[in-house]
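Peer 1: This is what each chain is made of:
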Amino acid sequence: MIEYIPYIAVVCMIFIGLYAAMFRRNLIKMVIGITIIESGVNLFLITLGYREGGVAPIYTSLPPGTTYPEQMVLPVPQALTLTSIVIGVAVLALMLSLVMHIYRKYGTLDVQKIRRLKE
Amino acid sequence: MTFLDTLLQQSPALIIAIPLFAAFLMPLVSRVHSKLRNIFAVVMLSITGCFIGLLATDVLAHGPRIYIFGGKDLTLPLVRILFEVDAISIFMAIITIMLAIIAVIYSWSFMKEQDGLDKYYTLFLLVVTSALGMELTGDIFNFFVFLEISCIASCALIAFWIYEGEALEAAFKYIVISSVGALFVLFAIGIFYAQYNALNIATLANALQYTFLDKIALIILIVVLGMKAGLAPMHMWLPDAYGRAPPSVILIIMSATLASFYGVLRVVFSLYGNVLTTSIRFNFPLHVIIGWVLIALAIVSILIGVIMALIQSDFMRLIGYTAVAEVGYMFLAIGTTIAALGTSYATVALHGGILHVLNDAIDIGLLFLIAGAIYYVTKKRSLDDLGGLARNMKFTTVFFLIGLLAVAGMPPLNGFTSKFLIYESVFQLNPILSIIAILCSILILAVFIKVLYAAFLGPELPELKDVKEAPRSMLLAMGCFAALAIIIGLFPNLFLDTLVKPAADALLNHAQYITTIVGGI
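Chains as they are written, first to last, in this note's numbering: chain A, 14 to 132; chain B, 132 to 652.
It should be emphasised that the hints constitute simulated quantities derived from the structure, not laboratory data. Please note that a few of the clues may not be correct.
Pairs of lysine-lysine, DSS-like flavour, derived with a Cα cap of 30 angstroms [said to hold, decoys possible]:
| # | chain 1 | residue 1 | chain 2 | residue 2 |
| --- | --- | --- | --- | --- |
| 1 | B | K510 | A | K126 |
| 2 | B | K525 | B | K166 |
| 3 | A | K126 | B | K511 |
| 4 | B | K510 | B | K525 |
| 5 | B | K511 | A | K118 |
| 6 | B | K525 | B | K243 |
| 7 | A | K118 | B | K243 |
| 8 | B | K166 | B | K510 |
| 9 | B | K250 | A | K118 |
| 10 | A | K118 | B | K510 |
Kindly produce the complete structure, drawing on both the sequences and the hints.
Peer 2: Below, the structure is given as structure tokens:
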């Protein structure tokens, strides 16, 4: 049971994030929602990377008694997560700068009051 | 090995590397001179175009080509990034580079009086890179990375006219939708990696078992990529973004949109190609269900696109809704193909759908360039403020007539060729769908006849008395599209036989896509 907890957390985070991104009226809260989704997905990838009895693939710090290379873990999910974090930072910065400009233009962060593009 | 062979071997990497390198060199080049910057952009894109042409001749003659990043002798082929280029990838790459080159030529004059052009060209080349990357890659995580690059760069370009609140709004909407979508794609990639320990599309396709998790991944991928392609009911970002971005930007965002459409094709035909015929419940094979879902969404997009276009008064927004309808036609065609997999009209539908990708790029692109030219000379967006422009803008009027007939699918022009193939094949699946498609095509004609009367004909407006014809580079860009529309309309078999049929075969013959990688390394 305990091994399912990360997956449950992933699903919860994704749904909380989606709720915030879809139903909150404040732009900053929408941005926070997207960041929560991103953390959920990153947590998912990291959870996938865990292997029972594996060791980190660093040649110089292998614990004694490891059978090489069978016990080494292929670090692809970690690499994916790093890439995704970097992309996430770029998206977050861009979104916040857009929010800033929108606030300057409209003087509000409320989605309902900003909507000029209709139909 | 001759020099040409070496170039050919490296060309999949170079096609990505040249625009990427040019993008980051752009701020430096624009310090020197603004003219040099424009020439640099065109030259770099033309070089990329040459490589795409070189690769196209080889791929069409000898089948798919692989490019492996990193050493060839490693024993872990699944971890490395591979590019796999087949006929459909190269077909999409040709469309992308065509749109990019014409957009750069157009922006010479159109963007002349704007500042921040170094950043504009940098982002522009990044979008081109990302679209080409999505089309050439054979690695699903790499696909996600390019999807995110296209999302970030296009969002910044949509907000290029940052002094307009609406542009900011459209850009924010776009980035929220596409970043959430891209994160879900990453989630689906995680699902694949968890089950099969691979990220390569061909390896995944070979190993795919169609478990419960794979069903979730399939739904996520189709929904997200359909959304990025502008399929209803998630099309809302598209008219906003198309209506507010500069027209030259719209052309390359359109290439990114078409790359997402290519993603749908790749996922359904290649990634899930092996399991398409498995029956899931009540004796319905999977392909019938996916096909009919896509057809239903396509019909909704066509109807929404056309009906909303009828009531618009903003010219660019009107074309944006027409673009939604055109995306609907493409999905209608591939939905028919998938639903009726194996029959002879399924292949015809796929030919129509793939040719319609090219025709959509040309027709909608031409109309956006015309809308941009009108905005450039009059500084007005709304059709209510325009009138009698045909007196002063003779060439633009002629181009608009060509675009109008092409987008409505009238016989001597390119829209007819692909739409006819679509009508013909959809009719064999279900006549009602075909009738809806034809009626909506007629309504598109009505929409643009309205525009013709509102903007070009009618009495001369006093404040538009001394508008001039659009500058030469803009006319050149529009002329390229108009010439292509006429050529494809007059000689459709030329394009069908050389480009479209190999592309359709590459999609339908997914075993070849898999064995090139799985058996080839």
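Peer 1: Hints first: check each against the structure and report whether it holds.
Peer 2: We went through each hint and held it up to the structure:
With a CA separation close to 27 angstroms, the supplied pair K510(B) and K126(A) stays within the 30 angstroms bound. Between K525(B) and K166(B) the alpha-carbon distance is near 28 angstroms, which keeps this suggested pair within the 30 angstroms criterion. Taking the CA atoms of K126(A) and K511(B), the gap is near 25 angstroms; set against the 30 angstroms cutoff, the hint holds. At most 30 angstroms may separate the alpha-carbon atoms for a hinted pair to count; K510(B) and K525(B) meet this at roughly 18 angstroms.
Simply put, K511(B) and K118(A) have alpha-carbon atoms about 21 angstroms apart, close enough for the 30 angstroms limit, and the pair holds. In summary, the hint linking K525(B) to K243(B) is supported, as the alpha carbons are separated by about 23 angstroms, within the 30 angstroms threshold. Of the pairs offered as hints, the one joining K118(A) and K243(B) holds, with about 25 angstroms between alpha carbons and a cut-off of 30 angstroms not exceeded. As the CA atoms of K166(B) and K510(B) are separated by approximately 25 angstroms, the hinted pair is consistent with the 30 angstroms bound.
For a cut-off of 30 angstroms, the pair hint linking K250(B) to K118(A) stands: about 22 angstroms separates their Cα positions. Note on K118(A) and K510(B): the hinted pairing holds, with a Cα-Cα distance of about 21 angstroms set against a maximum of 30 angstroms.
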